[in-house]
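Novice: The chain contents come next:
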Amino acid sequence: MDFKSRDIISIYDFSKAELLYILRTAKQMEEKPNPNLLKGKILATLFFEPSTRTRLSFTSAMEQLSGQVMGFSSSHVTSVEKGESLWDTIKMNEQYADVIAIRHPLEGSARLAAEAAKIPVINAGDGANQHPTQTLLDLYTIQKVKERLNGLHIGIVGDLKYGRTVHSLVVAMSHFEPTFYFISPQPLSMPESYLAELKDKKIRYFETAELSTAIPRLDVLYVTRIQKERFPDPLEYEKYKGVYKITKATLKDAKDSLKIMHPLPRVGEIDQEIDSTEHAVYFQQAGNGIPVRKALLGLILGAIK
Amino acid sequence: MPKSKKKAHKKETKNQVGKEAKAEMKESKEHKKQLSISAIVDGTVIDHIPTDATFKVVEILRLQNHNDIVSIATNLQSNTLGKKGIVKVANKFLTETEVNKIAVVAPDATVNIIKNYNVKQKIKVKVPQLIEDVIKCSNPVCITNSEKVKTKFYTVQNNPLRIKCHYCERIIKKEDINIV
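Quick mapping for you: the protein sequence lines, in order, are chains A and B. Going from the first sequence to the working numbering is simple: count from 1 and add 144. Going from the second sequence to the working numbering is simple: count from 1 and add 178.
Heads up, some of the hints might be wrong.
Claimed, not checked - Pairs of lysine-lysine, DSS-like flavour, derived with a Cα cap of 30 Å: (1) B:342 to B:298; (2) A:383 to A:290; (3) A:385 to A:305; (4) B:326 to A:345; (5) A:346 to B:352; (6) B:351 to A:345.
Unchecked claim - Chain A stretches covered by chain B per the calculated footprint, using a threshold of three residues with CB under 8 Å from any CB of chain B: (7) 253-265; (8) 314-328; (9) 407-413; (10) 438-447.
Derived from the structure by calculation, the hints contain no laboratory data. Quick reminder that beta carbons are idealized off the backbone N, C-alpha and C, glycines included.
Kindly produce the complete structure, drawing on both the sequences and the hints.
Specialist: Written out as structure tokens, the structure reads:
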């Protein structure tokens with residue numbers, strides 16, 4: 145399977161076989177570190193909106209492979225402030241780097257960046273649309289902690305309307321015959337287009353506002369933050385921000401093997417008392433960003449065949 | 179002339195005038211009817227356009243820039259659509275690709291290519307798999323609404339029509355479609 149020069153923009157662009165190939169490569173990267181794999185290569189991290197985890201994870205992955213990183217973490221320090229188009233920003237940066245990781249608040253920006261650039265582009269989040277590297281590390285985590293991807297009962301709780309990690313995860317997991325439980329207040333429920341897609345693929349799903357009814361059936365509970373920055377109306381945000389909170393009491397009917405994931409940062413959705421339980425895998429999940437991003441960088445730069 | 183004959187003549191004249199006036203009015207109505215759908219020698223006739231999409235068809239085909247006669251009629255009676263629009267373009271022969279662009283707003287339209295008053299070709303409108311530079315993405319935070327870029331949409335479902343933005347991947351229903 146040849147990934148050289150390929151852009152990583154949307155989880156829709158990958159077949160089941162390709163997803164599994166990336167996960168296998170990530171496992172190899174974790175088991176056999178290859179510290180000089182990307183020596184002499186430069187990653188440009190063009191982050192037009194704030195991010196800690198994703199940017200640092202890309203930086204760490206690149207540096208662990210002896211590559212270098214340049215870029216910015218806010219559009220305020222760039223010529224975008226002067227009115228430069230995204231297209232021009234990309235055309236300029238492709239002169240300086242071998243690969244670009246872009247985060248931008250506008251949806252579809254990464255696809256446009258990939259069309260502008262001759263070098264490969266990785267989408268590190270385009271508004272509420274896609275965040276494929278997060279999805280790949282989510283799959284990697286599920287596979288690692290559950291020792292399989294097929295036939296799992298997956299609960300997703302929180303902001304299902306604006307949460308891009310949720311949308312990508314649902315699309316990716318759809319390859320593996322899951323049963324989904326979408327748990328959210330009605331105004332933040334899963335968009336109709338994703339539900340239509342699941343119906344087309346004959347994938348079972350349930351929608352509920354009650355977390356307690358779904359908990360006993362779940363193998364994985366994916367918790368998301370109600371994202372303030374995605375709400376057009378701050379009052380609406382205030383109404384829903386603390387609606388779900390996972391505590392030990394919430395999990396009293398859960399399977400012992402239930403694993404709780406969260407793309408982080410959490411803002412009170414999961415009580416700290418859960419951190420020390422066997423259920424918690426969210427910090428491990430964040431750490432899994434490293435082997436997955438190493439694998440992707442190695443693959444698209446042609447260093448791994 | 180005797181008084182009675184004069185009266186009869188007057189009545190006859192009046193009747194005659196009435197008949198002529200009616201005939202004239204009828205002729206005028208026919209004329210008006212003809213005007214709204216007047217024939218073209220050479221060109222393209224697009225019929226069976228949903229009446230509220232008539233001007234969108236003109237926009238999509240950029241007919242406002244056409245240098246010959248363009249006849250546009252809306253709110254015409256139609257058995258199938260209730261009300262319909264017709265657009266006739268003199269001396270322009272639309273290609274199948276051009277015709278398909280209007281399928282988004284007028285999926286049942288019929289397109290006739292006219293040569294010397296005769297229908298030379300009938301083209302059935304078909305929604306293309308890829309729709310380029312016709313539709314404006316209805317997602318306000320789509321990059322295509324901020325950068326200068328030609329929009330691209332993929333048809334995911336024909337009936338009812340649902341399309342997907344190449345950039346933001348948002349699925350758009352027929353009723354939310356806006357023309358560029």
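Novice: Next step is simple, just say for each hint if it's right about the structure.
Specialist: For each hint, the structure was consulted:
1. B:342 to B:298: Between residue 342 of chain B and residue 298 of chain B the Cα gap is close to 35 Å, so the pair fails against 30 Å, i.e. violated.
2. A:383 to A:290: Judged against 30 Å, a Cα distance of about 35 Å means the pair is violated.
3. A:385 to A:305: holds (14 Å)
4. B:326 to A:345: violated (36 Å)
5. A:346 to B:352: holds (24 Å)
6. B:351 to A:345: holds (20 Å)
7. 253-265: holds (count 3)
8. 314-328: violated (count 0)
9. 407-413: violated (count 0)
10. 438-447: violated (count 0)
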